[in-house]
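Undergrad: Could you build all of it, start to finish, from the sequences and the hints given here?
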Amino acid sequence: MILSCFPAVPQTHSFGLKTAKLLRGEGHSMGVVAAGNAAQASTAATQENVLDWVKKDNRRMLHVVYRVGDLDKTIKFYTECLGMKLLRKRDIPEERYTNAFLGYGPEDSHFVIELTYNYGIDKYDIGTGFGHFGIAVEDVAKTVELIKAKGGKVTREPGPVKGGSTVIAFVEDFDGYKFELLERGPTPEPLCQVMLRVGDLDRSINFYEKAFGMELLRKRDNPEYKYTIAMMGYGPEDKSAVLELTFNYGVTEYEKGNGYAQIAIGTDDVYRTAEAIKLVGGKITREPGPLPGINTKITACLDPDGWKTVFVDNVDFVKELE
Numbered sequence: 001m002i003l004s005c006f007p008a009v010p011q012t013h014s015f016g017l018k019t020a021k022l023l024r025g026e027g028h029s030m031g032v033v034a035a036g037n038a039a040q041a042s043t044a045a046t047q048e049n050v051l052d053w054v055k056k057d058n059r060r061m062l063h064v065v066y067r068v069g070d071l072d073k074t075i076k077f078y079t080e081c082l083g084m085k086l087l088r089k090r091d092i093p094e095e096r097y098t099n100a101f102l103g104y105g106p107e108d109s110h111f112v113i114e115l116t117y118n119y120g121i122d123k124y125d126i127g128t129g130f131g132h133f134g135i136a137v138e139d140v141a142k143t144v145e146l147i148k149a150k151g152g153k154v155t156r157e158p159g160p161v162k163g164g165s166t167v168i169a170f171v172e173d174f175d176g177y178k179f180e181l182l183e184r185g186p187t188p189e190p191l192c193q194v195m196l197r198v199g200d201l202d203r204s205i206n207f208y209e210k211a212f213g214m215e216l217l218r219k220r221d222n223p224e225y226k227y228t229i230a231m232m233g234y235g236p237e238d239k240s241a242v243l244e245l246t247f248n249y250g251v252t253e254y255e256k257g258n259g260y261a262q263i264a265i266g267t268d269d270v271y272r273t274a275e276a277i278k279l280v281g282g283k284i285t286r287e288p289g290p291l292p293g294i295n296t297k298i299t300a301c302l303d304p305d306g307w308k309t310v311f312v313d314n315v316d317f318v319k320e321l322e
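Residue numbering for the sequence shown follows full-length UniProt numbering, starting at 1 and increasing by one per position.
Keep in mind that the hints were calculated from the coordinates and are not lab data.
Some hints could be false.
[Said to hold, decoys possible] Simulated pairs of lysine-lysine, BS3-like, Cα-Cα distance not exceeding 27 Å:
| id | residue 1 | residue 2 |
| --- | --- | --- |
| 1 | Lys162 | Lys256 |
| 2 | Lys142 | Lys123 |
| 3 | Lys178 | Lys123 |
| 4 | Lys239 | Lys123 |
| 5 | Lys85 | Lys239 |
| 6 | Lys150 | Lys89 |
| 7 | Lys219 | Lys239 |
| 8 | Lys76 | Lys148 |
| 9 | Lys153 | Lys73 |
| 10 | Lys239 | Lys278 |
| 11 | Lys142 | Lys85 |
| 12 | Lys55 | Lys308 |
| 13 | Lys308 | Lys123 |
| 14 | Lys219 | Lys319 |
| 15 | Lys142 | Lys178 |
| 16 | Lys319 | Lys56 |
| 17 | Lys319 | Lys308 |
| 18 | Lys89 | Lys308 |
| 19 | Lys308 | Lys256 |
| 20 | Lys123 | Lys148 |
| 21 | Lys123 | Lys210 |
| 22 | Lys150 | Lys76 |
| 23 | Lys226 | Lys256 |
TA: The structure is reproduced here in structure tokens:
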């Protein structure tokens, strides 16, 4: 930005040379200060506008992406034991990978899973940072019995959650990804949670509120078990998918592994989304713009702990599904 100065005061007989120089100096200083203040005010207003826009943007969690070692085996387990439907499958032989999308309803209105199988790779390191996916079911005990009958692995038998009354159970798929089964009434979004561990909960809450426009739905501290959780999302827990952030006392870093990949979120404007993320200190890993070949506009970023999120243009996303 070019800073314009006030013009120098013309010399007259009543001003000496020293006075004229002084006035020229003052004029320059005043101009710089005024222009600087205006620039600061303009920048602050722009930041406020962008962050305000984030809250009004039309956002929804679209899908979660992770890698598996045996696609057909995983699809069979998810459909037969967890009650999901195979929504679509696409093979990209030139890139040596296959995707499968599974969930409890159409992609244009439900949060779904995108599985990635990379040719020839049958094992992944899940790491210590990824926690689990949450699935709401009407009868946890019945679901667990079905999973056992199909040879699934139950890592926690049905019972009340620690420090609460909700009946839960934990099961694992063949790659070691954990699923928390939560007993709830009928819900439009059965695939309801993605749990990730973070090193500084308040920092993460601030980031997801400002950069992602999420709402802090609830926060619960469990000193007895030395952890705190925060539920973040774009709607109530019983009607939409949420991000569960977990802070374990004294743990500031986790291994990411190479299994879990990212969450995708819909937005009306990937360019303004990237701008907002930068404003609050997020790291953009892919500048906003269309993907080669399909022209879907996206941008990608990392949160303060290094968890990746991809934002997808809402209109382009719907076109992709047609």
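Undergrad: Hint by hint, say whether it matches the structure.
TA: Do the hints match the structure? See the list:
no. : hint             : result
1   : Lys162 to Lys256 : holds, 26 Å
2   : Lys142 to Lys123 : violated, 30 Å
3   : Lys178 to Lys123 : holds, 15 Å
4   : Lys239 to Lys123 : violated, 34 Å
5   : Lys85 to Lys239  : holds, 19 Å
6   : Lys150 to Lys89  : holds, 23 Å
7   : Lys219 to Lys239 : holds, 18 Å
8   : Lys76 to Lys148  : holds, 14 Å
9   : Lys153 to Lys73  : holds, 14 Å
10  : Lys239 to Lys278 : violated, 30 Å
11  : Lys142 to Lys85  : holds, 19 Å
12  : Lys55 to Lys308  : holds, 20 Å
13  : Lys308 to Lys123 : holds, 21 Å
14  : Lys219 to Lys319 : violated, 37 Å
15  : Lys142 to Lys178 : holds, 18 Å
16  : Lys319 to Lys56  : holds, 23 Å
17  : Lys319 to Lys308 : holds, 24 Å
18  : Lys89 to Lys308  : holds, 23 Å
19  : Lys308 to Lys256 : holds, 11 Å
20  : Lys123 to Lys148 : holds, 23 Å
21  : Lys123 to Lys210 : violated, 36 Å
22  : Lys150 to Lys76  : holds, 10 Å
23  : Lys226 to Lys256 : holds, 21 Å
When each numbered hint is compared with the structure, violations occur for hints 2, 4, 10, 14 and 21.
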